[in-house]
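*Asks:* Chains as they are written, first to last, in our numbering: chain C, 93 to 325; chain S, 1085 to 1313; chain E, 167 to 458.
To be clear, the hints were calculated from the coordinates, so they are not data collected in a lab.
Heads up, some of the hints might be wrong.
What the hints assert, rightly or not - Mimicking EDC-like on lysine to aspartate or glutamate, the simulated pairs with C-alpha atoms at most 16 Å apart in a straight line are:
hint: 1; chain 1: C; residue 1: Lys273; chain 2: C; residue 2: Asp180
hint: 2; chain 1: S; residue 1: Lys1168; chain 2: C; residue 2: Asp180
hint: 3; chain 1: C; residue 1: Lys106; chain 2: E; residue 2: Asp361
hint: 4; chain 1: C; residue 1: Lys106; chain 2: E; residue 2: Glu447
hint: 5; chain 1: C; residue 1: Lys106; chain 2: E; residue 2: Asp266
hint: 6; chain 1: C; residue 1: Lys106; chain 2: E; residue 2: Glu448
hint: 7; chain 1: E; residue 1: Lys235; chain 2: S; residue 2: Glu1308
hint: 8; chain 1: S; residue 1: Lys1168; chain 2: C; residue 2: Glu120
hint: 9; chain 1: C; residue 1: Lys273; chain 2: C; residue 2: Glu242
To be verified - Derived list of chain S stretches under chain E, where covered just means 3 residues or more per stretch with a C-beta under 8 Å from a C-beta of chain E:
hint: 10; region: 1192-1200
hint: 11; region: 1245-1254
hint: 12; region: 1261-1268
hint: 13; region: 1283-1296
To be verified - Non-contacting residues of chain C with respect to chain S, defined by C-beta distances greater than 12 Å in every case (computed):
hint: 14; residue: Arg156
hint: 15; residue: Ser161
hint: 16; residue: Val164
hint: 17; residue: Arg167
hint: 18; residue: Ala204
hint: 19; residue: Asp208
hint: 20; residue: Asp254
Please read these numbers as outputs of a predicted model, since none were measured by experiment.
Glycine included, C-beta positions come from ideal geometry on N, C-alpha and C.
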Amino acid sequence: MIAVKRLVKRFGHKTVLRGLDFQAEAGEFVALLGPNGAGKTTFLRVLASLSAPTFGEVRIAGYRLPGQSAEVRRRLGVVLHEPLLYGDLTAEENLKFYGRMYGLPDLPDRIAATLDLVGLRGRSRDLVRTYSRGMQQRLSIGRAVIHDPEVILFDEPYTGLDQDAADMLDSVLTAISAQGKTIVMTSHDLARASTLAARFDVISRGVIAATGLRSDLGPERLLGFYREAVGAV
Amino acid sequence: MRSDALRAYFRSMSAIVWKDLAAEFRSRELFSAMFVFALLVILIFNFSLQLDPRARQEITAGVLWVTFAFAGTLGLNRSMAIEKDRSCLDGLLLAPVDRSTIYFGKAIGNLVFMLVVEAVILPVYSLLYNVNLFNPGLLLVILLGSIGYVAVGTLLATMAVQTRTRDILLPILLFPLILPVLLSAVRASAGFLQGRAMAEIWPSINLLVVYDLIFIALAFMFFEYVVEE
Amino acid sequence: MEPKSNALKILDWTAAALLVVATYLVFFYAPKELVMGNVQRVFYFHVATGWVGFLAFFLTVATGTLVIKDGRGNPRPWLIAGWTGLVVGFLAQGMYRSMDLDIMSWVSILAAMIGLYALVLGYGMRKGRDFQYWDIHSVSLVELGLVFSFINIASGAVWARPIWNTWWTWDPRLVTATIMELIYVAYLMLRAGIDNPVRRARFGAVYAILGFVTVPITFFSIRIWRSIHPVVFGAQNPGAEVDAGMTTGSMYFTFFFALFTFTVLFVDLYLNRIRLGKFAEEVEQLKMKSMI
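Taking the hints into account, I'd like the entire structure generated from these sequences.
*Replies:* Structure (structure tokens):
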């Protein structure tokens, strides 16, 4: 579903990604781990078509980036650290706006279904400004999945959430994953990542330093695996 | 197929305009700021320029356009800051639409705000100074001038909000480029208000039209490079 | 750090020598103008610096385009268009002179400008360099343009004081030149506010192009008021009250010599400034390396 070969991303003289290779099959849930500044967010922004690769090949659902970005964008849902919502619009209006940007048919039904999925039906007519961080995050996921994308990218979805909100997010993510979507999530929270993802890729200094499956590692060996991978490069 | 693409283009463009208008209708932040600021500018002009009846005849057009230009930067800055502050611009860029759709959507939204403020300021000015400003020619000039202003302003505001010095930068970037619009608009407006012959006014109107066309085309070409990374 | 090439050293000295000769010509060779007196001598450098400043700003349109295109593209059509433009410009100039067709004067200027733009673009694409290389060119051109245009405006004021009896008037050319100066000051301020080098280069390029396009429009919008600026050769503009007083052969010679001198000086400073820009890049790169 996602195939990245020798991806290089430079900002002027600063090289953030140095020939990164990455693969994700359809329906896989991959957690991208790594210390701050390793290039997780940069990599995610390249996958999200928000940042053009300097060199290398990026294919999502068979389409090239940046050449066929419109096709990619149609199949891609992205949840960034910021919720990308308009505070002066209600939840419903936000979803309506994004739905129209994607040119979706039967929008009212989709909006209702999406609000149910993220558990915000009851507050759909409140301004997003008045939402808590956790609710905004959930609505942001709703925004990202309203067009029923095949691939969903999450950038540090747990940052700034309290325990309840994080648990709620867990259940939403599990529900989405159960629908057979391909999910790539960056995180520096190993504990959270370990309960959800099936595969862990560690980014360090702009390359994938190690990759491991949950079935092989188990939660107890994950920390050791991560430390070793970060130290190895 | 082509008409489908065209329909999709207009649909996403109108979605952006609708979104801006709906949010603004709710908060009225942008409009009230522009309107109050415009009123203050007019009042300050009144005392600093001694707007007695005779002077008014000569400089009404100038006062109006300076007011619009100042209030306009407020609106442009705010309209783009909304997109940038919570990274909503990324949200727009994630949508499978041509980048120029985003430009035209934002520009049309900004134009509507600008025209609404002007539509309120004109009668207020007429009332305060007892000048009749309801002149179809003047309204045409205001429309043409605002289009040029917003066409360049939207592009430059998109650039300015992505810099460290954004609030102070927009007027510095905008005013030297917008000078032809202001000059021609002032001349044409003054021409209509003083009932001059059309032969005197045409060159300014032509210039406004040419400027509008050139800068809509340039902004259309460049917007993509200004928002993409 | 590579040492300065011999060619550049020779150019440095040539430019300096030419400047000395040009100064001599202006003060001792060219005769004193009858109406304006000695102050007319300001014109030789005034026009030359103005020309160079304008050329620099104009070239940023081409280097800016290269920044936006990341130096990529097919050079052939540009090269063909470029040479065609120059030939058309040359022919149109001939028609203007021989047949007295005023419109051909505009056609020739426009064709020459488009031709030059396309040539820079074509040869630039052939070099196969990325946006950062062209960004150094753009900044260098803007900086030089600012300096030369400033000399142009300042020397104009010196001339205007005795002739127009004021340092400053709101004449279209004066105002346009000043606005042009302000546009490129704004360009530098815009760049100063951006840390991301890709964005800095692109925004700069877009603004430089927009800025240059407004210059003629600004000029025409101001010219709706009457101009009192002199026309340098053969005053045909009925609005102009004085001409620049170029009448004798030695005056023409001095004039073109100054023009040539400043063009050489410009090229020399330009090459040196690019060299400086490359050193700045190297320093940046070394800093990045030492940080890792």
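*Asks:* All the hints need checking, so say for each whether the structure fits it.
*Replies:* Against the structure, the hints come out as follows:
no.	hint	result
1	C:Lys273 with C:Asp180	violated, 31 Å
2	S:Lys1168 with C:Asp180	holds, 15 Å
3	C:Lys106 with E:Asp361	holds, 12 Å
4	C:Lys106 with E:Glu447	holds, 12 Å
5	C:Lys106 with E:Asp266	violated, 58 Å
6	C:Lys106 with E:Glu448	holds, 13 Å
7	E:Lys235 with S:Glu1308	holds, 12 Å
8	S:Lys1168 with C:Glu120	violated, 32 Å
9	C:Lys273 with C:Glu242	holds, 5 Å
10	1192-1200	violated (count 0)
11	1245-1254	holds (count 6)
12	1261-1268	holds (count 5)
13	1283-1296	holds (count 5)
14	Arg156	holds, 15 Å
15	Ser161	violated, 8 Å
16	Val164	violated, 8 Å
17	Arg167	violated, 9 Å
18	Ala204	holds, 19 Å
19	Asp208	holds, 22 Å
20	Asp254	holds, 20 Å
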